[in-house]
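Enquirer: Based on the sequences and whatever the hints tell you, model everything.
2 protein chains.
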Amino acid sequence: MVRVLSNEDVQELLTMEESLKALESAYRAWLRKEAGNLPRSDLYGLSTDESRVYVFKAMAGLWSQEGIAALRLNSDVITWPQGKTVKKEKLPLAPGGRWVGLVLLFSCATGQLLAIFPDGVIQKIRVGAANGLAARHLAREDASTVGLLGSGFQAEGQLEAFCAVRPIRKVKVYSPTEAHRTDFCRRFSERLHVSVEPVKTPEAAVRDADILAAATNTMEPVVDSAWLKPGVHVSTIKRQEISLDVVQGCDRVVVHVRSKGEGPFNYVALGSRGIPEQEEKGWWNDWPEASHPTLPELLVDPSRGRASPEEQTLFINNTGIGLQFAALGALVYRKAVERGKGQTLPDHWFSEDLHS
Amino acid sequence: MVRVLSNEDVQELLTMEESLKALESAYRAWLRKEAGNLPRSDLYGLSTDESRVYVFKAMAGLWSQEGIAALRLNSDVITWPQGKTVKKEKLPLAPGGRWVGLVLLFSCATGQLLAIFPDGVIQKIRVGAANGLAARHLAREDASTVGLLGSGFQAEGQLEAFCAVRPIRKVKVYSPTEAHRTDFCRRFSERLHVSVEPVKTPEAAVRDADILAAATNTMEPVVDSAWLKPGVHVSTIKRQEISLDVVQGCDRVVVHVRSKGEGPFNYVALGSRGIPEQEEKGWWNDWPEASHPTLPELLVDPSRGRASPEEQTLFINNTGIGLQFAALGALVYRKAVERGKGQTLPDHWFSEDLHS
Numbered sequence: 549m550v551r552v553l554s555n556e557d558v559q560e561l562l563t564m565e566e567s568l569k570a571l572e573s574a575y576r577a578w579l580r581k582e583a584g585n586l587p588r589s590d591l592y593g594l595s596t597d598e599s600r601v602y603v604f605k606a607m608a609g610l611w612s613q614e615g616i617a618a619l620r621l622n623s624d625v626i627t628w629p630q631g632k633t634v635k636k637e638k639l640p641l642a643p644g645g646r647w648v649g650l651v652l653l654f655s656c657a658t659g660q661l662l663a664i665f666p667d668g669v670i671q672k673i674r675v676g677a678a679n680g681l682a683a684r685h686l687a688r689e690d691a692s693t694v695g696l697l698g699s700g701f702q703a704e705g706q707l708e709a710f711c712a713v714r715p716i717r718k719v720k721v722y723s724p725t726e727a728h729r730t731d732f733c734r735r736f737s738e739r740l741h742v743s744v745e746p747v748k749t750p751e752a753a754v755r756d757a758d759i760l761a762a763a764t765n766t767m768e769p770v771v772d773s774a775w776l777k778p779g780v781h782v783s784t785i786k787r788q789e790i791s792l793d794v795v796q797g798c799d800r801v802v803v804h805v806r807s808k809g810e811g812p813f814n815y816v817a818l819g820s821r822g823i824p825e826q827e828e829k830g831w832w833n834d835w836p837e838a839s840h841p842t843l844p845e846l847l848v849d850p851s852r853g854r855a856s857p858e859e860q861t862l863f864i865n866n867t868g869i870g871l872q873f874a875a876l877g878a879l880v881y882r883k884a885v886e887r888g889k890g891q892t893l894p895d896h897w898f899s900e901d902l903h904s
Numbered sequence: 549m550v551r552v553l554s555n556e557d558v559q560e561l562l563t564m565e566e567s568l569k570a571l572e573s574a575y576r577a578w579l580r581k582e583a584g585n586l587p588r589s590d591l592y593g594l595s596t597d598e599s600r601v602y603v604f605k606a607m608a609g610l611w612s613q614e615g616i617a618a619l620r621l622n623s624d625v626i627t628w629p630q631g632k633t634v635k636k637e638k639l640p641l642a643p644g645g646r647w648v649g650l651v652l653l654f655s656c657a658t659g660q661l662l663a664i665f666p667d668g669v670i671q672k673i674r675v676g677a678a679n680g681l682a683a684r685h686l687a688r689e690d691a692s693t694v695g696l697l698g699s700g701f702q703a704e705g706q707l708e709a710f711c712a713v714r715p716i717r718k719v720k721v722y723s724p725t726e727a728h729r730t731d732f733c734r735r736f737s738e739r740l741h742v743s744v745e746p747v748k749t750p751e752a753a754v755r756d757a758d759i760l761a762a763a764t765n766t767m768e769p770v771v772d773s774a775w776l777k778p779g780v781h782v783s784t785i786k787r788q789e790i791s792l793d794v795v796q797g798c799d800r801v802v803v804h805v806r807s808k809g810e811g812p813f814n815y816v817a818l819g820s821r822g823i824p825e826q827e828e829k830g831w832w833n834d835w836p837e838a839s840h841p842t843l844p845e846l847l848v849d850p851s852r853g854r855a856s857p858e859e860q861t862l863f864i865n866n867t868g869i870g871l872q873f874a875a876l877g878a879l880v881y882r883k884a885v886e887r888g889k890g891q892t893l894p895d896h897w898f899s900e901d902l903h904s
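So the protein sequences, as listed, match chains A and B.
Quick note: the first sequence, position 133, residue 681 per the working numbering, numbers continuous.
Quick note: the second sequence, position 9, residue 557 per the working numbering, numbers continuous.
Please note that the accuracy of each hint is not assured.
Which copy is meant is left open, so a pair is good if it fits within one copy or across any two.
[As the list claims (entries may be wrong)] Pairs of lysine-lysine residues, derived as DSSO-like cross-links and limited to a Cα-Cα distance of at most 30 Å, are as follows: (1) Lys581 to Lys636; (2) Lys829 to Lys636; (3) Lys569 to Lys829; (4) Lys638 to Lys605; (5) Lys718 to Lys829; (6) Lys748 to Lys777; (7) Lys569 to Lys748; (8) Lys718 to Lys638; (9) Lys883 to Lys636; (10) Lys883 to Lys569; (11) Lys581 to Lys638; (12) Lys581 to Lys569; (13) Lys829 to Lys883; (14) Lys581 to Lys718; (15) Lys569 to Lys605; (16) Lys638 to Lys829; (17) Lys718 to Lys605; (18) Lys581 to Lys748.
Note that these hints are calculated values from the structure, not bench results.
Expert: Here it is, written out as structure tokens:
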């Protein structure tokens, strides 16, 4: 049977500890060519309201050891409101005012569809766990303070991951909307049993922080190179959050994966309309990304990690991979079966008695 | 609500006449950049039984006018048994002895998932309709005889399409297994009200045929250049069915779409194991595909079609595109809603209240 799970199920089933472990194993398998990815591809078209754009995105990954292949897709209607920063807005237009992002899991043993669930919680955890694995090798061993820029959904995963890999005691959080940062801090003080305080400026968040973490949805730099202090570890969830200054100011830089030559590819079907502001015009196009190790390379060779307490280190989660969904999806699925979670649907709805 | 449809539903809803029309409109929209594709990508990995290989394939397309995006995926366990011809075998290992190929339809207006159904019947019809549109411009106006090589699932779609675009009266069918070709002929004589006869050799099928159609699952040439007679139209569903001789012997060649630089990409995660026989070693790698028009180009400029009754013409359905699934999927969905077809599932199972 095919299992339909909810974000709540995924949140309950996926712990950060297990996610860190699963993701590390999957990255190691990838280096041995026992796991792989289809890079993310994006297809843009007009929505029916021509002021809006429709984007379909897909990426996939498989991990032979777990016998799982995963497809992650997003089906979004977007606008680019012209605010202070160039920010893409995804409109919740699906019935009930909702967004559409899904993960489908398949068995490599039989081909069958095993599960379908929304991508939100697993997305947060896979990004958090990747930055957490990087911090394990790049942050100071005794790192105990985090300065967090952002209080959204990605910020949650980042903070959970740092607390899992370092003895974090104090967190300062800045985000532009006071109510958001206050709410975030209230929830996380309870959940993580550490001090999580809202602050009124980015500088106040990052001053003296051992880990300076950006987890925002802006498309413009939020980290200032003037904030780089000896021993800091800078962690970002996308290239757009930092400037080339920050990259050049750090002693050691690790990227998530090689993004060049892999995608994202944008296949645009917009007639005569263009995309208001392309996201792909950035310093990274001319930057020698390949001269820095990737996270999987760092994991198998920790000598590429922090070498002294004074080093300034940087992890750029430059692009995601489908394998992350296969690795964490395998974990979700195994536990969902054990605990009998989710709705179940008949297999024959999702299979057929003929093939091409 | 999300509609789950069956192959039987799709067969009932999609007529060849309407499919030809929808596909033609979609190809025209594509040339105007009002429709688009994510090219097919393939991800290979080991199955749990290491003598088998798991392959995940995906392609996508969107058609703004209909407000539909479609994803088509295949999740197959395969072997390459070493027979007389190099043939890939897909193993029906999903529960009930079934295969897994699915189409998911999304709304470009809201992003929501609209429908899920198996890919078998729509696959047959999209390939048939593409070759049918080509035959409309490349076969003689008075073409009345078809020599068909193959009696499987793809052969059905080909024959239906030729009968829709030309006054076909007589069909001869060859395929290696006598029982298969006899059964095929019995079913199609009834369904199409034309004479459909099994024959014992490929030559007997194609001799004097106005349309020489290959619709096989072999990976080796089945069309002999000695069979090319004045006025013939040769129609193939894949490049592997013909040799370079046949291409060079024809006066006019049209391909489905540009396949170079678009994929398929093979992302292989097979550890130290290789793929026994790569399918992509063929004459077409050195062949100037770009010097021939594509089917969409032929549709908007019929002067690229047959110019005289004596010409020998060739259509190579070199690779499929996701847009075909969006075009025919839009039709399936509209009619399924009108007629209340399929199982319905709640929207909130396939959407979420957060996004990244």
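Enquirer: Under a CA distance limit of 30 Å, which applies to Lys638 and Lys829: within one copy, between copies, both, or neither?
Expert: within (20 Å within a copy, 43 Å between copies)
Enquirer: Are the CA atoms of Lys883 and Lys569 at most 30 Å apart within a copy, between copies, both, or neither?
Expert: within (15 Å within a copy, 48 Å between copies)
Enquirer: How would you label the pair Lys581, Lys638 (within, between, both, or neither) given a Cα cut-off of 30 Å?
Expert: Close across copies (23 Å), not inside one copy (35 Å); limit 30 Å.
Enquirer: For Lys569 and Lys748, with the copy left unspecified, which applies at a CA distance of at most 30 Å: within, between, both, or neither?
Expert: neither (36 Å within a copy, 61 Å between copies)
Enquirer: Pop the pair Lys748 and Lys777 into one bin, within, between, both or neither, using alpha-carbon distances up to 30 Å.
Expert: within (21 Å within a copy, 82 Å between copies)
Enquirer: How would you classify Lys581 and Lys748 at a CA-CA limit of 30 Å: within, between, both, or neither?
Expert: Cα proximity of Lys581 and Lys748: none, with 47 Å in one copy and 47 Å across.
Enquirer: Since the copies are identical, ignore which copy is meant and state whether Lys718 and Lys829 lie within 30 Å (CA to CA) inside a copy, between copies, both or neither.
Expert: For Lys718 and Lys829, the Cα distance exceeds 30 Å both inside one copy (36 Å) and across copies (59 Å).
Enquirer: Tell me, please, which holds for Lys829 and Lys883 at an alpha-carbon limit of 30 Å: within, between, both or neither?
Expert: Result: close neither inside a copy nor across copies, 42 Å intra and 43 Å inter.
Enquirer: Treating 30 Å as the Cα threshold, decide for Lys569 and Lys605: within, between, both or neither.
Expert: both (27 Å within a copy, 28 Å between copies)
Enquirer: As a check of your reading, is Lys638 near Lys605 (CA-CA no more than 30 Å) within one copy, between copies, both or neither?
Expert: both (13 Å within a copy, 27 Å between copies)
Enquirer: Given a CA cutoff of 30 Å, do Lys581 and Lys718 count as a within-copy pair, a between-copy pair, both, or neither?
Expert: Answer is neither; intra-copy 40 Å and inter-copy 53 Å both fail.
Enquirer: Under a CA distance limit of 30 Å, which applies to Lys581 and Lys569: within one copy, between copies, both, or neither?
Expert: Classified as within: same-chain Cα gap 19 Å, cross-chain 45 Å, threshold 30 Å.
The structure is inconsistent with the numbered hints 3, 5, 7, 8, 9, 13, 14, 17, 18, although it conforms to all the rest.
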